[in-house]
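Protein chains: 2
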Amino acid sequence: MLYIVLLHYPVYNKEGKIVTTAIANMDIHDIARLAKTYAAQGFYIINPIPEQRNLAQEIISHWREGYGANFNEFRRAAFELIKIKESLPDVLNDISRETGLTPKTIVTGANLSGDLLKFAGCREMLKKDNRPYLLVFGTGSGIAAEVVHMADYRLEPLKGPGNYNHLAVRSAVAIILDKVMGV
Amino acid sequence: MLYIVLLHYPVYNKEGKIVTTAIANMDIHDIARLAKTYAAQGFYIINPIPEQRNLAQEIISHWREGYGANFNEFRRAAFELIKIKESLPDVLNDISRETGLTPKTIVTGANLSGDLLKFAGCREMLKKDNRPYLLVFGTGSGIAAEVVHMADYRLEPLKGPGNYNHLAVRSAVAIILDKVMGV
Numbered sequence: 001m002l003y004i005v006l007l008h009y010p011v012y013n014k015e016g017k018i019v020t021t022a023i024a025n026m027d028i029h030d031i032a033r034l035a036k037t038y039a040a041q042g043f044y045i046i047n048p049i050p051e052q053r054n055l056a057q058e059i060i061s062h063w064r065e066g067y068g069a070n071f072n073e074f075r076r077a078a079f080e081l082i083k084i085k086e087s088l089p090d091v092l093n094d095i096s097r098e099t100g101l102t103p104k105t106i107v108t109g110a111n112l113s114g115d116l117l118k119f120a121g122c123r124e125m126l127k128k129d130n131r132p133y134l135l136v137f138g139t140g141s142g143i144a145a146e147v148v149h150m151a152d153y154r155l156e157p158l159k160g161p162g163n164y165n166h167l168a169v170r171s172a173v174a175i176i177l178d179k180v181m182g183v
Numbered sequence: 001m002l003y004i005v006l007l008h009y010p011v012y013n014k015e016g017k018i019v020t021t022a023i024a025n026m027d028i029h030d031i032a033r034l035a036k037t038y039a040a041q042g043f044y045i046i047n048p049i050p051e052q053r054n055l056a057q058e059i060i061s062h063w064r065e066g067y068g069a070n071f072n073e074f075r076r077a078a079f080e081l082i083k084i085k086e087s088l089p090d091v092l093n094d095i096s097r098e099t100g101l102t103p104k105t106i107v108t109g110a111n112l113s114g115d116l117l118k119f120a121g122c123r124e125m126l127k128k129d130n131r132p133y134l135l136v137f138g139t140g141s142g143i144a145a146e147v148v149h150m151a152d153y154r155l156e157p158l159k160g161p162g163n164y165n166h167l168a169v170r171s172a173v174a175i176i177l178d179k180v181m182g183v
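As they're listed, the protein sequences go chains A and B. The numbering used here applies: residue 1 is where the first sequence begins, and numbers increase by one. The numbering used here applies: residue 1 is where the second sequence begins, and numbers increase by one.
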């Protein structure tokens, strides 16, 4: 069981300032459609700022119950997977309550190093183990350090033929989902 | 040599109306970064409507020479790969002139069937053959039928575990580039 988590937690950017990223409309749309295509059980959007959560909820309601639901049935089906939460513990509790199982967390990031979970290993684990797994993606300057440290696994970074590695989070979710869930 | 082509040609939508899609800002950003990460030689955006091309050119200039170029060096490097053209023949001529070689075209699409080029075959071809290859992606209702018919190859569609297959073109570009150019 795979759940996608998009994290908007406060992190230090490269100038040393604390930044909490906003929820981007395009992230909601693209990742919901990816989650549905690659058979994820759910797509959690985490943001600690109430106004951000309210805005995201409005967008989601439009496509799930409002005008958009009739306008585009495929979009509605994808948006049904989305839940908005304040924190990662809230997500873990939600999944534990629903499934009766303790979820494992896998963090992603372009700069992760050390003891890494390979894509093939992740794919195998998801296939064999019926436990819920959270695949956590950061926005802006990446995933907050405390979340990386507390995670059960750190996934190997994506790699192209060169050294350039600056993808939109939407692109990273697309590629990684296909690698670990594609047929 | 791989070139990415994003096509905005008039096509019939499912209600039978002729539609030419607009250039989406997020497509420019995400696909340019993907092109740079996966070492594409260029990223061509094709739109037959002059106003659309002018608007896209303004956005690109901002990140390539304007304020954005200093604000984000990584974005500038990705945006250097972009060229905007009116038609597919214009793109073919541009590449022929620059490389002295005749490009081959590979079209993509969620609904392609029949004699298809597999991802592994495409990957092999790009590795072994030094000729320029165009990987063509459609927007909105897909690639115009005449372009599909004239193409040298039709790439196999992406597939998730289920039947749902409604991805953003940005997501499709991400996944396919990793499949044919990833290390």
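It is possible that some hints are incorrect.
Identical copies carry no separate label here, and so any pair may be met within one copy or between two of them.
[Claimed, not checked] Here are the simulated DSS-like pairs of lysine-lysine, each with C-alpha atoms no more than 25 Å apart in a straight line: (1) 118 / 85; (2) 127 / 83; (3) 118 / 179; (4) 118 / 159.
Because the hints were derived from the structure by calculation, they are not lab data. Since we're looking at a predicted model, the values are computed, not measured.
Homo-oligomer pair classification [residue 83, residue 127; C-alpha up to 25 Å]: within (24 Å within a copy, 42 Å between copies)
Residue 118 and residue 85: within-copy, between-copy, both or neither at 25 Å Cα: Neither: 29 Å inside a chain and 40 Å across chains, both beyond 25 Å.
Same-copy or cross-copy closeness of residue 118 to residue 159 [CA-CA at most 25 Å]: both (12 Å within a copy, 22 Å between copies)
Indicate which option fits the pair residue 118, residue 179 if close means a Cα-Cα distance not exceeding 25 Å: within, between, both or neither. both (10 Å within a copy, 16 Å between copies)
When held up to the earlier numbered hints, the structure conflicts with hint 1 and nothing else.
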